[in-house]
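What follows is each chain in one-letter form.
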Amino acid sequence: MSAAPKHAPTMAQMSLAERLAPYAPILLVIGLVIAGFVAIPATSSWLTLTVSGLAMGMMIFIMASGLTLVFGLMDVINFGHGAFVSVGAFVGVSLLLLLEHMTGAPNLLWNLTALMVAIVGAMAATGLMGYAFERVIVKPVYGHHLKQILVTMGGLIVVEQLIIVLWGPEEIYITRPESLKGAITFAGAALEKYRLVAVAIGLVVFLAMRYTLRRTKIGLIVRAGVENGEMVQALGYNLRMVFIGVFVAGSALAGLGGVLWGLYQEVITAHMGNQTMILVFIVVIIGGLGSVEGCFIGALMVGLMQNYVAFLEPKAALISNIALMVAILMWRPMGMIPVVKAK
Amino acid sequence: MLKTLVSGDTPRSPFLLAILIVILICLAFAPFLFPGVRSVDTAARICIFIVLVASYDLLLGYGGIVSFAHTMFFGLGAYGVALANTHMGRGFDALLVGSVAGAGLAALLALVIGLFSLRVRAIFFAMITLAVASAVAVLVSQLSTLTGGEDGLSFKIPRALGPAFKFMDGELFGVKANGKLLKYYLVFISCFVLFLLMLRVVNSPFGRVLQAIRENDFRAEAIGYRVVHYRVAATCLSAAIAALAGALYAVWLRYVGPDTTLSMEIMIDILLMVVIGGMGTMYGAVIGATLFVLAQNYLQNVLSLAGESVSSLPLLPDLLNADRWLLWLGVLFILSVYFFPTGIVGRLRGK
Numbered sequence: 001m002s003a004a005p006k007h008a009p010t011m012a013q014m015s016l017a018e019r020l021a022p023y024a025p026i027l028l029v030i031g032l033v034i035a036g037f038v039a040i041p042a043t044s045s046w047l048t049l050t051v052s053g054l055a056m057g058m059m060i061f062i063m064a065s066g067l068t069l070v071f072g073l074m075d076v077i078n079f080g081h082g083a084f085v086s087v088g089a090f091v092g093v094s095l096l097l098l099l100e101h102m103t104g105a106p107n108l109l110w111n112l113t114a115l116m117v118a119i120v121g122a123m124a125a126t127g128l129m130g131y132a133f134e135r136v137i138v139k140p141v142y143g144h145h146l147k148q149i150l151v152t153m154g155g156l157i158v159v160e161q162l163i164i165v166l167w168g169p170e171e172i173y174i175t176r177p178e179s180l181k182g183a184i185t186f187a188g189a190a191l192e193k194y195r196l197v198a199v200a201i202g203l204v205v206f207l208a209m210r211y212t213l214r215r216t217k218i219g220l221i222v223r224a225g226v227e228n229g230e231m232v233q234a235l236g237y238n239l240r241m242v243f244i245g246v247f248v249a250g251s252a253l254a255g256l257g258g259v260l261w262g263l264y265q266e267v268i269t270a271h272m273g274n275q276t277m278i279l280v281f282i283v284v285i286i287g288g289l290g291s292v293e294g295c296f297i298g299a300l301m302v303g304l305m306q307n308y309v310a311f312l313e314p315k316a317a318l319i320s321n322i323a324l325m326v327a328i329l330m331w332r333p334m335g336m337i338p339v340v341k342a343k
Numbered sequence: 001m002l003k004t005l006v007s008g009d010t011p012r013s014p015f016l017l018a019i020l021i022v023i024l025i026c027l028a029f030a031p032f033l034f035p036g037v038r039s040v041d042t043a044a045r046i047c048i049f050i051v052l053v054a055s056y057d058l059l060l061g062y063g064g065i066v067s068f069a070h071t072m073f074f075g076l077g078a079y080g081v082a083l084a085n086t087h088m089g090r091g092f093d094a095l096l097v098g099s100v101a102g103a104g105l106a107a108l109l110a111l112v113i114g115l116f117s118l119r120v121r122a123i124f125f126a127m128i129t130l131a132v133a134s135a136v137a138v139l140v141s142q143l144s145t146l147t148g149g150e151d152g153l154s155f156k157i158p159r160a161l162g163p164a165f166k167f168m169d170g171e172l173f174g175v176k177a178n179g180k181l182l183k184y185y186l187v188f189i190s191c192f193v194l195f196l197l198m199l200r201v202v203n204s205p206f207g208r209v210l211q212a213i214r215e216n217d218f219r220a221e222a223i224g225y226r227v228v229h230y231r232v233a234a235t236c237l238s239a240a241i242a243a244l245a246g247a248l249y250a251v252w253l254r255y256v257g258p259d260t261t262l263s264m265e266i267m268i269d270i271l272l273m274v275v276i277g278g279m280g281t282m283y284g285a286v287i288g289a290t291l292f293v294l295a296q297n298y299l300q301n302v303l304s305l306a307g308e309s310v311s312s313l314p315l316l317p318d319l320l321n322a323d324r325w326l327l328w329l330g331v332l333f334i335l336s337v338y339f340f341p342t343g344i345v346g347r348l349r350g351k
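Taken in order, these protein sequences are the chains called A and B. Start counting the first sequence at 1; every next residue gets the next number (the numbering used here). Start counting the second sequence at 1; every next residue gets the next number (the numbering used here).
In case anyone wonders, no lab produced these hints; they're calculated from the structure. Certain hints may be false.
Claimed, not checked - Chain B side only, calculated, beta carbon under 10 angstroms to chain A, not exhaustive: (1) V37; (2) F124; (3) I128; (4) F167; (5) M168; (6) M264; (7) L271; (8) I334; (9) F340; (10) P341.
As the list claims (entries may be wrong) - Taking lysine to aspartate or glutamate and the EDC-like style, the derived pairs with C-alpha atoms no more than 20 angstroms apart in a straight line are: (11) A:K315 x B:D93; (12) B:K180 x B:D169; (13) A:K181 x A:E100; (14) A:K139 x A:D75; (15) B:K180 x B:D259; (16) A:K147 x B:E215; (17) A:K193 x A:E266; (18) A:K139 x A:E230; (19) A:K147 x A:D75; (20) B:K156 x B:D41; (21) A:K315 x B:D169; (22) A:K147 x B:D151.
Built from N, CA and C at the ideal position, the CB exists for glycine as well.
In isolation and in its complexed conformation, chain A is listed as follows (with noise of 0.2 angstroms):
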């Protein structure tokens, strides 16, 4: 009989790319950044072209998180998101233009309050709207892939036309409000001031949603149902009502992307949520669906490429977040996060 073999274990720290590996998605945003900056000659259009590139990222994922999530915990992927977000820029335009005293007024503090009350009555009133979208239009075709798409595609053409009854087929042109109009300089860049508002409104977004996702209960609830519906249910905790109540908040940003996407572009159509929802999508899908901070990263990787590459090569902007999301798809087929699934 042989001895036992000796205990000899071996401590090796893992390697460097080992290590990285959890990081990889925001090394990406980062080597991204460097990457513009090497290929962009002058420093100050870099630096305007990252802010605006900040800026267009964090509004498609304050667009985009809502479908993210809601796909996560219930697994309805909605089609008819981009109507929240016309919707949500058609409430908040038409509440600006009649405030207009207060937008019009070079105070900084009263076009604050106005641009406020355009956001909270646009994110109210698609709120209220998603509850409806959701009890009417994807309530009975619940755990059917094929037929919600249909259906949620259906009731955005409704809603389009909707907006088109109510507001008329004409294009809506908007005015930002008066201090946040124009640049400031930093460092020989121009810096347009209604962008970094934009970056700021993203970014505490983002920032209440990672909270209320890790440290609040309501959250645990979310994330728990993300990755085991089945087994929430069955300790007593009603999904139903944490969906819907995920599908409204998820509504809400839509419409609160859509006012700062509609004053971004400085101008409103029917249709322009079903244009977002193109740079939406593919957030989500290279972001990994129903995953909040792969939305988050993905979104800042499409706002930094579409701008960069447009200033490069103008033509190419739209292909190369496809040629992004084919290769992301190609490095990590589920998108940068994954979620994963008890099922």
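Assemble chain B onto chain A, guided by the hints.
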């Protein structure tokens, strides 16, 4: 013999059979039954959309895959013909080269998209096709030196298909025997053949496997069918046929542009036609496309009449405005997905 022609997939309902025969006769003799530029144009549009919608049904109804890139493939065929005719000069060889190249490119693109998205999750396919299709639409309108941009391309088709060409003297049953008549029959016969071909495909063992995958992909994989291969093959086939339909559409209009071939509106029209006609049956495409194209041309008149009759009430006139017909079709679409998932054909067959 007839049964072989439709690959054993008979309408299985006397009423449906009657409707189909009426549609076939109307389309086959359209230039003689309904002389007039507009009605012949409507008939040709119906023929082409039947093929386009049937090829989409191959994907949606039989494969259970939602694609939003069908107009992209349709457009590839149309632009293929347009570009070939512009650069090779007018002639049947250019038509042939253009349509074959368009169909080949469409199948290749479908292969690439399919391999990327269907491998992971079928639901990705819907989103990725939406993104790619809109990127291509933007690209086509930007590359104006090649594609004519937003204005599109007008081109010359072979002289034998133009109104100036006379293949016999005088008139044929009261219709001028010119190239326009030949062009209609080129479109009609090509569409008829393509439709029978698709009927053959869906009733072949390949079609049965597709339906099995639609019903339960997990089980189909367990039985030993490579689900991804079948799905990708269906995507490529459907893309190639859509491109051929696009080529016919370009020949018919002698023009291609982003609005007539690539726009999201057409994609939504196709979806409406498939669902209203009936998913998962080729005859649904016939009924859906016919009804829809007729409605598109004539429902607006009805709506404007209805709008006038309630013009004294608030909001209602706006809702019944002739331009808002898509609103009512959208509502009809949602209701039909809920209550008649098998569409008109499914109802008639009593399922």
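Return the status of the interface hint for I128 (chain B): holds when the least beta-carbon distance to chain A is below 10 angstroms, violated otherwise.
-> Cβ of I128 (chain B) sits 7 angstroms from chain A, so the hint holds.
Supplied contact hint for I334 (chain B), tested at 10 angstroms Cβ to chain A = The hint holds - I334 (chain B) has a Cβ within 10 angstroms of chain A, the shortest such distance being about 4 angstroms.
Please verify that hint: F167 (chain B), Cβ, nearest Cβ of chain A, below 10 angstroms or not.
-> 45 angstroms, violated
Taking the least C-beta to C-beta distance, is F340 (chain B) closer than 10 angstroms to chain A?
-> 12 angstroms, violated
Mind checking the alpha carbons of K156 (chain B) and D41 (chain B) for me, to see if they're no more than 20 angstroms apart?
-> 18 angstroms, holds
How about V37 (chain B): closest beta carbon in chain A under 10 angstroms, or not?
-> 29 angstroms, violated
Taken at face value, is the distance from the CA of D93 (chain B) to the CA of K315 (chain A) at most 20 angstroms?
-> Distance of about 33 angstroms is beyond 20 angstroms: violated.
Using Cβ atoms only, decide whether M168 (chain B) comes closer than 10 angstroms to chain A, and label the hint accordingly.
-> With a closest approach of 48 angstroms, the M168 (chain B) hint is violated.
Is the straight-line distance between the alpha-carbon of K139 (chain A) and that of D75 (chain A) 20 angstroms or less?
-> 12 angstroms, holds
Does the structure keep K180 (chain B) and D259 (chain B) at a Cα separation of 20 angstroms or less?
-> 24 angstroms, violated
Does the alpha-carbon distance linking K147 (chain A) and D75 (chain A) stay inside the 20 angstroms limit?
-> 13 angstroms, holds
Minimum beta-carbon distance criterion (10 angstroms), L271 (chain B) to chain A | With a minimum Cβ separation of about 7 angstroms from chain A (threshold 10 angstroms), the hint on L271 (chain B) holds.
Checked against the numbered hints given earlier, this structure breaks hints 1, 4, 5, 9, 11, 15, 21, 22; the rest are met.
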